[in-house]
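**Q** Top to bottom, those sequences are chains A and B. For what it's worth, our numbering labels the leading residue of the first sequence as 1, then goes sequentially. For what it's worth, our numbering labels the leading residue of the second sequence as 1001, then goes sequentially.
Honestly, the hints are just simulated from the structure, not real lab data. All clues stand as given, with none of them false.
Straight-line alpha carbon distances no greater than 20 Å define the calculated SDA-like cross-link-like pairs of lysine to any residue that follow:
#  : chain 1 : residue 1 : chain 2 : residue 2
1  : B       : Lys1004   : B       : His1208
2  : A       : Lys45     : B       : Gln1209
3  : A       : Lys53     : B       : Arg1220
4  : B       : Lys1069   : B       : Ser1218
5  : A       : Lys45     : B       : His1208
6  : A       : Lys51     : B       : Leu1219
7  : A       : Lys53     : B       : Leu1219
8  : B       : Lys1069   : B       : Ser1211
9  : A       : Lys51     : B       : Ala1225
10 : B       : Lys1004   : A       : Asp38
11 : B       : Lys1072   : B       : Arg1139
12 : A       : Lys45     : B       : Ser1212
13 : A       : Lys45     : B       : Ser1218
14 : A       : Lys51     : B       : Leu1223
15 : A       : Lys45     : B       : Ile1216
16 : B       : Lys1072   : A       : Ile37
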Amino acid sequence: MSAIDITNLHFLFFGYSAAWLIMIGFVFLLVRRSRRIDRELSRLKSLVEDKEK
Amino acid sequence: MRDKTVYTLGILGTLLLLYNFFQIFLVIPIDALQGNIFRIIFIHVPAAFTAFCFYGVAVVGSIAFLMTKNFKWDSMAVSAVEVGTMFTLVNLATGSIWGRVEWGIWWAWDARMTSQLMCFLLYLGYLIMRPAIAEPQQRGVMSAVLAIFAAADIPIVFMAIRLHNVRTQHPGPVLETGTLAPVYLPPFFGDWVAFMLLASAMMLVRLHQESSSREIDSLRRELHAI
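Work out the full structure, taking the sequences as your base and the hints as a guide.
**A** Pasting the structure below:
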């Protein structure tokens, strides 16, 4: 395998890694936001229930 | 039901993507001119196609919101824009890495790449603008207008490599000219389908978050009124 082929493979690896990292990072942000929203929703629901009592 | 759909779409998309990677790296032949880096096309182009499909969904949602003022359409638009912007970033990153190998530079300010970067920045601006507007009706209207305005860039991106009088370094269209060998088509379209499945799962999650956020807003108003 020539030096150009090896460089080519390195950049191919960087390209696929970048794509996976961006997608996994986005999913991570989605999960984190879902958790935050669910927590806030249950907190507010219990607050409204307490105030109505 | 919603969770089941999200997981089904996510698992199907991931399995298809893994199967395509097996084909891309171990089965299909290497390109004679570009070598291994050619294999980046199987992510780069399907990511752009997926992004444009979701920007299309955002335009439909935005027009429907302007006509009906129903916030479900606004949620659909913002969810689609967020997923589309993420796939545009995948497209830009992989394209830049391909350019570094083939051209020796990370970036060229030619028509295709600049218009695609503009598309990314316009929709990123949309996502940054939304939290800055507190009033939901005003936020929905301004977002819808911006989403429709930003979509005007998509035909420019599309035509940038097709017009003869536009200077571009980017390779020409490979599908309609038949320059992509038939052996490369199954993983190419397979990756597009896989990205569409994954993007749909992500959009469903975002839609649920938007509906929960609306519920949070109404609970806050209720608490304020009590």
